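A.B. asks: Assemble the complex: chain A is given as a structure, and chain B must be docked to it using the hints.
Each chain is listed here by its residues.
There are 2 protein chains.
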Amino acid sequence: MTDYFQKHVDLLDKALDACAQRYSWSAWPENPSSKIHGEEKPAAGKAAFESRLQADFPLDQPGTTGHLGAEVSPYTRKPLGVRYPATDVPALYDAIRKAQPAWAQASPQERVGVCLEILQRCGDNLFENAHATMHTSGQSYVMAFAGSGANALDRGLEALAYAHKAMADVPGEARWQRQFGRDGVADLHKQYRLMPRGVGVVICCATFPLWNAYPALCASLATGNPVVLKPHPSAILPVALVVRTCREVLADAGFDPNLVSLVADERDAPATMALLEQPETAIVDFTGSPAFGTWLENNLPGRLVYTETAGCNSVILESTDDLTATARAIAQSLCQASAQMCTSVQNIHVPADGVRVGGERVGVDAVSRALVEAVDFWLADPRRAATLCGTLFDDSVQATVDRYREKAAADATILRDSAAYSHEEFPGARTATPLIIAADPAHREWYRQEVFGPVSFVIANGSRADCLADATGNARECGAITSHVYTTDDGFMQQAIDAYHAAGASVACNLTGMPINFAAAYSDYHVTGLNPAGNACLADLAFVAQRFRIVQSKVMA
Amino acid sequence: MTDYFQKHVDLLDKALDACAQRYSWSAWPENPSSKIHGEEKPAAGKAAFESRLQADFPLDQPGTTGHLGAEVSPYTRKPLGVRYPATDVPALYDAIRKAQPAWAQASPQERVGVCLEILQRCGDNLFENAHATMHTSGQSYVMAFAGSGANALDRGLEALAYAHKAMADVPGEARWQRQFGRDGVADLHKQYRLMPRGVGVVICCATFPLWNAYPALCASLATGNPVVLKPHPSAILPVALVVRTCREVLADAGFDPNLVSLVADERDAPATMALLEQPETAIVDFTGSPAFGTWLENNLPGRLVYTETAGCNSVILESTDDLTATARAIAQSLCQASAQMCTSVQNIHVPADGVRVGGERVGVDAVSRALVEAVDFWLADPRRAATLCGTLFDDSVQATVDRYREKAAADATILRDSAAYSHEEFPGARTATPLIIAADPAHREWYRQEVFGPVSFVIANGSRADCLADATGNARECGAITSHVYTTDDGFMQQAIDAYHAAGASVACNLTGMPINFAAAYSDYHVTGLNPAGNACLADLAFVAQRFRIVQSKVMA
Chain A
1 MTDYFQKHVD LLDKALDACA QRYSWSAWPE NPSSKIHGEE KPAAGKAAFE SRLQADFPLD
61 QPGTTGHLGA EVSPYTRKPL GVRYPATDVP ALYDAIRKAQ PAWAQASPQE RVGVCLEILQ
121 RCGDNLFENA HATMHTSGQS YVMAFAGSGA NALDRGLEAL AYAHKAMADV PGEARWQRQF
181 GRDGVADLHK QYRLMPRGVG VVICCATFPL WNAYPALCAS LATGNPVVLK PHPSAILPVA
241 LVVRTCREVL ADAGFDPNLV SLVADERDAP ATMALLEQPE TAIVDFTGSP AFGTWLENNL
301 PGRLVYTETA GCNSVILEST DDLTATARAI AQSLCQASAQ MCTSVQNIHV PADGVRVGGE
361 RVGVDAVSRA LVEAVDFWLA DPRRAATLCG TLFDDSVQAT VDRYREKAAA DATILRDSAA
421 YSHEEFPGAR TATPLIIAAD PAHREWYRQE VFGPVSFVIA NGSRADCLAD ATGNARECGA
481 ITSHVYTTDD GFMQQAIDAY HAAGASVACN LTGMPINFAA AYSDYHVTGL NPAGNACLAD
541 LAFVAQRFRI VQSKVMA
Chain B
1 MTDYFQKHVD LLDKALDACA QRYSWSAWPE NPSSKIHGEE KPAAGKAAFE SRLQADFPLD
61 QPGTTGHLGA EVSPYTRKPL GVRYPATDVP ALYDAIRKAQ PAWAQASPQE RVGVCLEILQ
121 RCGDNLFENA HATMHTSGQS YVMAFAGSGA NALDRGLEAL AYAHKAMADV PGEARWQRQF
181 GRDGVADLHK QYRLMPRGVG VVICCATFPL WNAYPALCAS LATGNPVVLK PHPSAILPVA
241 LVVRTCREVL ADAGFDPNLV SLVADERDAP ATMALLEQPE TAIVDFTGSP AFGTWLENNL
301 PGRLVYTETA GCNSVILEST DDLTATARAI AQSLCQASAQ MCTSVQNIHV PADGVRVGGE
361 RVGVDAVSRA LVEAVDFWLA DPRRAATLCG TLFDDSVQAT VDRYREKAAA DATILRDSAA
421 YSHEEFPGAR TATPLIIAAD PAHREWYRQE VFGPVSFVIA NGSRADCLAD ATGNARECGA
481 ITSHVYTTDD GFMQQAIDAY HAAGASVACN LTGMPINFAA AYSDYHVTGL NPAGNACLAD
541 LAFVAQRFRI VQSKVMA
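Protein sequence lines, in the order shown, are assigned to chains A and B.
Just so we're aligned: 555 in full-length UniProt numbering is position 555 of the first sequence, and the numbers increase by one with no gaps anywhere.
Just so we're aligned: 51 in full-length UniProt numbering is position 51 of the second sequence, and the numbers increase by one with no gaps anywhere.
In isolation and in its complexed conformation, chain A is listed as follows (with noise of 0.2 Å):
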C-alpha cells in the first residue's frame, strides 16, 4: 500500500508554509496551453469528456435505483445526455454507515494523504474537467482550467493543510504524573483520538462547481468524515468526475469508496432535503443563493453549516491617476465569466460631482462613458470575448438581464446595454456582454441585492463620504464577498478600508492590472463569515476545527 501521506508530504509542507506566509504560489497549472502540456493531454481530456456524453457515468454506488440527470450545455445547448446514479438516499447512508469506522480509526496522516492523493490525481485529470465545467456551468475553456482547476485545488489543498494543522495540534498521546495530598502518586499514560462528526454533505454551486467542493471535501474527508456531494442539477459532470476519482483512490488505499459519494438531482425533484433529513448529516457545506444559504444557517440546529452565497459587491471610485486602466479593471470584472462570479463587482459608487483623475474632477457621465469603453476594449475581439465571458449558465441568467433592461428603460438610464456576443466555436452559446445602468440611491433597492449575472449599476451619490456609506452599509446589511476601492488619497483609502472593516467585508485597493476578481488561495480569505453573503472562510483554522471532536483515555500506569 502506498504511504500517500509520505508521497505528498512536501506538497503538504509547501501548502501549510504559503499559508503562514500568505504569498502567491499554486501547485497546478494555470495555463491550458499545448506549450506547456503538449498536445496529447489537451486532446485527450477533450476525448475522455466527451466519451462521457450520452452514456452512464461509470459509478458503482449502493442505494442505486435508476438514472437521472438533465445537464444541457450552455455552449452547444444540447443536453450532455450524462446518466447519473438516482440514489435511495437511506440505501446509501446504510452504506456509508458500514464505511464509518474504519475511517474514523485511521490516523490523521493517513486520511490526508488519501485526500492529498485525490487532489494530484484530480489534477491529473484537468482538461477532461476544464471541458466538463464548460458544458455545464458554461465557463470559457481557460477560465474552466484555471479557476475550476488549479485555482479551486490549491483552495483544497489549502483547507486541507488547515484540517491538518489543526488535527496536528493534538498529541496522540501523553504521560501526567503528579502528586495528591501525602500520599496520593498519579502517573497517567493518557492517549487522545479525534473523532469525526458524522457525515459531510457538501451542497455544490452552478457556475463554479468545485471551488468550494475541494476545500469542503478535504476539511470533512480528512478529519475523519465520509462527505456526500450533491452538485448542482446543471452542473452534476464536474463534481461526478471529482467523486469518482475520490471512490478509486479510496479503493486503492484499502478504504471503502463509499466514504465519498454523490448525489446528483434534477431541478424538480431536488435532493437536498433528503440528504438533510438523515441524523447522520452532522456537517453542511453550501455554496449558491443566500436565501437557501441563510435558511440552512437558522434551521439545522446542532449541526456544523458552513455558506458561501452572495452579497452585492462593490466599487468605490474615488480618485485614479489613470482612469483608463482603473476602468479596464473594473470592466474586467463586469465581463470575466459573464459576472456570476461570487467576486464578480456589480455595484459601481462614484461621486456625483465626478472622480478626481490627476488634478481634474471627471464628470459621472464620462466616467460612465470610460467604463463603457472599458468593457467594449475587452470585448472587441471576439476570442478574448469568448475567453473572458464564457456563457450564461441557465436562461435564468438571460431572463434577469432581460428583467433589469425593462426595470431601467422605464425608470432609469441604460449606459451600456447587453447583447449577444458572437461565439467562434459555439455559434449558439448562451451568450451576454454586460449591461450596466445609471443609477442612484433611489434605485437602492435594485443594487442592494445580488442580480445574479452580467448586471451592473454606476450609481452617483452625492459624495465620496456618500459612496463610502451607501456602499459599507450595503456591504453590513445585504452581503459582500468583494469590495474595491480606487482612491489616490491616502487618508480616503485608510477611512474606507476602516468602514469595509467595520461592515465585516475585506476590501481591495487601486488594483489593476490584474483580473480584480482573482482571490488567491493561501493569501486570500475567502468570505468573512461577517457579513450576509457567508458565514465561512476558505480558509482558516474556523473552517476545520469544529470538523472532529476529541475524545481521550487516561489509563494509570
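The hints are simulated quantities; they were obtained by calculation from the structure and are not laboratory data.
Note that this is a predicted model, so its numbers are computed, not measured.
Errors might be hidden in some of the hints.
Heads up, the list lumps identical chains together, so a pair's fine if it works in one copy or across two of them.
Straight-line alpha carbon distances no greater than 20 Å define the calculated SDA-like cross-link-like pairs of lysine to any residue that follow [claimed, not checked]:
#	residue 1	residue 2
1	K165	Q21
2	K41	S51
3	K98	R476
4	K14	R121
5	K41	D395
6	K14	D169
7	K78	H67
8	K98	P79
9	K98	L194
10	K35	G181
11	K7	I36
12	K14	W176
13	K41	P515
14	K165	L16
C.D. replies: Quick look at chain B alone, frame taken from chain A:
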C-alpha cells in the same frame, strides 16, 4: 502603561508548552496552607470576604437601576446581604457598544496581555475567592481554594493559550506578487485583521461558578469581544470579584472597563433572556442544566453557543487487584463536593455475577458493601468529611436526595442512606452524605439522567458486556462528562475504551490513589462535545477559532 503581554509572556509560553505536551502543571497554588502562604494572606482574604457582607458590592456599571442579590450561605444558612447592581440591559449594552471599537482595534497581543494580567490578579485573590465560593457554592474551603482557584484559573489560562495560538495563526501582513498573462504584474501588500463577533455572554453555574467562567471570559475577551458575566443567582460573589478585577485591569491598561460587566439576578427575575435578546450578543457560553443547555444550542441560530451541561457519569467495575483501593477511589467521587461536580460518578455498573478480585469472584452484595465501607472510611473523620463533601448548595439538592430515598425505599434497596454529617466550624451547614441505591436495569429511567447531588446507583447488569452496553448507551443518549473502567483484563479495557469512544465519551481506567473527579487543565480535554453533556471542549482550537473572524485589505503597490 505596562506591557502586560511582555510581563507575562513566560507564563503564556509555559501554558502553550503544557497544552502541546499535556503534562501536569499548574500556574497557581492549590494548597491554602499557611505553611506556604504565611498567616497574613489567608487572614486578609477572609477579612476581605467578610467586609463584602451586608454591603453594596463596589461595581460602578452603567445601566444600574438599583440593587439586588439573594445569596444565602449553605454554611451559615444566612443571607450574605451583598447587593449587586440591578442592570438595565439595553443601557448597559449602550455602554458596551462604546467600549467595543478600541478593544477590537487593540492588537491580539495587547488583549492577551490584559487577560494574562486579569488571571494573575485573580490568582492574587484566591483566599477571598475561596471564602466567597464556600458561602455561595457551598464548596469546602480546600476545594474552593483549589478547584475554584488554581484549577479554574488554569482552565482560563489554557483557553487563553488556545485563543493566542488561533490568533497567531493569522499573520498581520503579507506581500503577494505574481504575473497575470504576458503583461499583468500584481504586487499587493495585504493586511489581515482579526475582528470580534460581538458580545460574549457567559452564564455561570451555581456549584463551580468560575471553572467555565475563566475559560469563556478569556476566550471571548482575548479575541476582541466584550464579555457580560451572568452568574447563577446563588453564586454571584465569586463572579462579581472577577468582574471587578477585570474592570480594574482594563482601566489600568487604558481600556473602557465596560468591556467586562456583571449582570446579576435573583431566581424570580432571571436576566438571561434579556441578554439573549440583545442583537449584539453573538456568543453564549453556558454551564448548567442539560435542559437549558439544549434549548440554547437549538434556539440561537447564527450565534456561537458553547455548552457544558451534565450527564450520568458511569463506572464499570469489572475486575481489580485491590477492591479496597478501587472502592475508595469511587467512594471519594461519591463524596467529593457532595457529588455536585460535573465529573462526579453516579452509575456504578457491576456484572451480576460479581467482580473478579485477584483470582476470586466477589458478589455484587460484597462489592456494594465495599463501596459503602469506603464511603464511611472517607467520612469517619469529621474534618475530612467536611473537606471532602462541603455542603449542598441549595435545598433543592436535599429534596432530590429525599425523593430518591423514597423511591428506593419503595422500589429498590438502599445500600447506604444519606444523612447530614456534622460540620465542626458551621454546625448549621446544609450537609448530606452519599445515598447509594442498589439498582438493576429495571430502574434505568432513574439512572439515565443526571441526579444532581449525592445520589448514586450500584447497577447489577447481566454480564460485563451488558455493563458496557448500558453505560455507553447512557453516555451516548443521556450524556457523560467522565467515565471510568476498573479492570485487570487488558482486552476488556481496550474494548471498553473503544466502546466509550464510539459513544462520544472519554474514559479513565483503573484510577486509584487520586481524586478521580480531577480534570487537569492543559492535559484532559474536558467535555467531548459528542454526547448530550455539552457541545464544547475545554479547551481546544474549536473552543476559540470561531470567536473571531478575519478581514483583509490588499493594496496594489
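A.B. asks: Look at each hint and say if it fits the structure.
C.D. replies: Hints, verified against the model:
In the homo-oligomer, the alpha carbons of K165 and Q21 lie at most 20 Å apart both inside one protomer (15 Å) and across protomers (16 Å), since each shortest distance falls under that limit. In this homomeric assembly, K41 and S51 come within 20 Å of each other (Cα to Cα) only inside a single copy, at 15 Å, whereas the closest approach across copies is 83 Å. Proximity of K98 and R476 under a CA criterion of 20 Å is satisfied inter-copy only: 19 Å between copies versus 44 Å inside one chain copy. Taking the shortest Cα distances, K14 and R121 sit within 20 Å of each other inside one copy (18 Å), while across copies they are farther apart (43 Å).
Proximity of K41 to D395 under the C-alpha cut-off of 20 Å is found in neither arrangement, the shortest distances being 33 Å within a copy and 78 Å between copies. In this assembly of identical chains, the alpha carbons of K14 and D169 lie at most 20 Å apart whether taken from the same copy (18 Å) or from different copies (16 Å). Proximity of K78 to H67 under the C-alpha cut-off of 20 Å is restricted to the intra-copy arrangement: shortest distance 19 Å within a copy versus 75 Å between copies. Taking the shortest Cα distances, K98 and P79 never come within 20 Å of each other, neither inside one copy (36 Å) nor across copies (59 Å).
Taking the shortest Cα distances, K98 and L194 sit within 20 Å of each other inside one copy (19 Å), while across copies they are farther apart (41 Å). Taking the shortest alpha-carbon separations for K35 and G181, only the inter-copy value of 14 Å comes in at or below 20 Å, while the best intra-copy value is 75 Å. For the identical chains of this complex, K7 and I36 are neighbours neither inside a copy (24 Å) nor across copies (56 Å), given an alpha-carbon limit of 20 Å. Proximity of K14 and W176 under a CA criterion of 20 Å is satisfied inter-copy only: 16 Å between copies versus 34 Å inside one chain copy.
Taking identical chains as interchangeable, the C-alpha atoms of K41 and P515 are never at most 20 Å apart, the minima being 27 Å within one chain and 67 Å between chains. Taking identical chains as interchangeable, the C-alpha atoms of K165 and L16 lie at most 20 Å apart whether they share a chain (8 Å) or sit on different chains (16 Å).
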